[in-house]
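Peer 1: Chain residues, written in single-letter form:
Number of protein chains: 2
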Amino acid sequence: MILAPWRTPLARALHRNRSLPHSRYAQLATVDPQGCPHNRSIVFRGFPADTNTLEFITDQRSEKVSQIYQNPWGELCWYFPHTREQFRLAGELQIIDNSSTESPTQTARQHRWQSLSDTSRQQFTWPHPGHPRTGDLTTDVPDPTTPPDSFCLLWLHPQRVDHLELRGTPQNRYCYQQDKNQTWTVQEINP
Amino acid sequence: MILAPWRTPLARALHRNRSLPHSRYAQLATVDPQGCPHNRSIVFRGFPADTNTLEFITDQRSEKVSQIYQNPWGELCWYFPHTREQFRLAGELQIIDNSSTESPTQTARQHRWQSLSDTSRQQFTWPHPGHPRTGDLTTDVPDPTTPPDSFCLLWLHPQRVDHLELRGTPQNRYCYQQDKNQTWTVQEINP
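Taken in sequence, the protein lines are chains A and B. Under full-length UniProt numbering, the first residue of the first sequence carries the number 1, and numbering increases by one thereafter. Under full-length UniProt numbering, the first residue of the second sequence carries the number 1, and numbering increases by one thereafter.
Simulated from the structure, these hints should not be mistaken for lab results. What you were told as hints is all true, and nothing was included just to trick you.
Sample of chain A residues at the chain B side, in silico, Cβ under 8 Å:
| hint | residue |
| --- | --- |
| 1 | Arg40 |
| 2 | Leu76 |
| 3 | Pro132 |
Far from chain A, some chain B residues (derived; all Cβ distances over 12 Å):
| hint | residue |
| --- | --- |
| 4 | Met1 |
| 5 | Ala4 |
| 6 | Thr101 |
| 7 | Glu102 |
| 8 | Gln110 |
| 9 | Asp149 |
All figures in this text were calculated on a predicted structure; none of them were measured in a lab. For glycine and all other residues, C-beta sits at the position ideal for the given N, C-alpha and C.
With the hints as constraints, model all of the structure from the sequences given.
Peer 2: Structure (C-alpha cells):
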C-alpha cells in the first residue's frame, strides 16, 4: 500500500493538536433518500493497517447507517483548533455490520469492540437512538469479547481531500485528488 | 418574535464556551446537484435582530453558494468542546447577495460588511476560491463602506434542532421541531 500524499499533513495536524481530546472529533455529512443533507460529529479511531481508510464506530440503528446503505457518499469536515487547519475528505463510506462475511473486516470489527471501554460498549445496548425516551437507559455491561448486532465499523475511503491552512496571510489550500488508476495528484488552489 | 426554545440552551453553550475562539465555528452540510454531500467550517456571526435565524458570511464564488441556490436545505453541526454538547440545526438556507432588493436584508448585508476587519474584507477581493493558484493573492484593502459583489450573507432558518449533551452517563438528547404553524415542540429522545 502506498501512503496517500494527504496522510503526512493529516498526521502532522493530529500530532500538533494531540493535547486537545476533541481534535479527534470530525463532522460527517451524508444524504438521506429525500436528498437532504445530515451532519454529526464522529470520533476518529485510526487507519486500519495498510490502508488509507479512516475508521469510526457507529450504532447500526442510527439514521446515518440507513442513509449510508442507500447512498454511500460522504464528506468529513475536520477542523484542528491549535494549528487552525481544516481537512475535508470526500469519498465512499462502508459499513461493517454483523452480516459482513469477509473475515478480515469481521476480525477488525471484533478487535475494535474489544479495544473499547465498558462505558463505550454500554452505549450499544441502550434503547433505540433517536426514539422517544421512555425510561432509564439500560446499564448492563455487554460481553467484552463479542460485539452486539448494533455495533458497526464505519470506514471512509477518501477520493478527494481539501486541506486549508488558515494560519498566516494569505492562507494556503491544497486539493488532493485520486484518479481512476488510484493515483493521487495534488494541486495548490486559491483559499 | 417569539424566541425559539432551543435558543436558551444554545446561548448557554455559547456563553460557557466563550473562552474558546473556535467555539463559534460550526460545520455546514449542503448537497450538490449530483446529490453528493459537502461539508465545511463556517463562523457564526450572530442572530439578526428579532429572528431565530443564524447569520454567517460567505463568498458568492464559493461552491456552497451555487449548491444553496439549487438546493437551499442544509444541516449545521456545532460541537462545543468545554461543555461537550452538540447542536444539529437543519433548515432552509438563504443567500443575501448584491441582487437582494428587499431593503432590510441589503441593510443587514451592508452593516455586516462594515463590522468586519480589513483582513476579513480583503478575502473577498482574492482570486476565485478553489481555482488553481497562479500567483500572489491581491492584498488591496477594499472600500470599508460598500460591500463588493462577492460578499454575501448566509442565513440559516432552522426547522429542526437536535441537542445532545455528552457529559454524564447516561447522556441527554432533545429534539426541537417546528410545525406548519411555526410553533416549536420539544421531545426528549434516546441518545
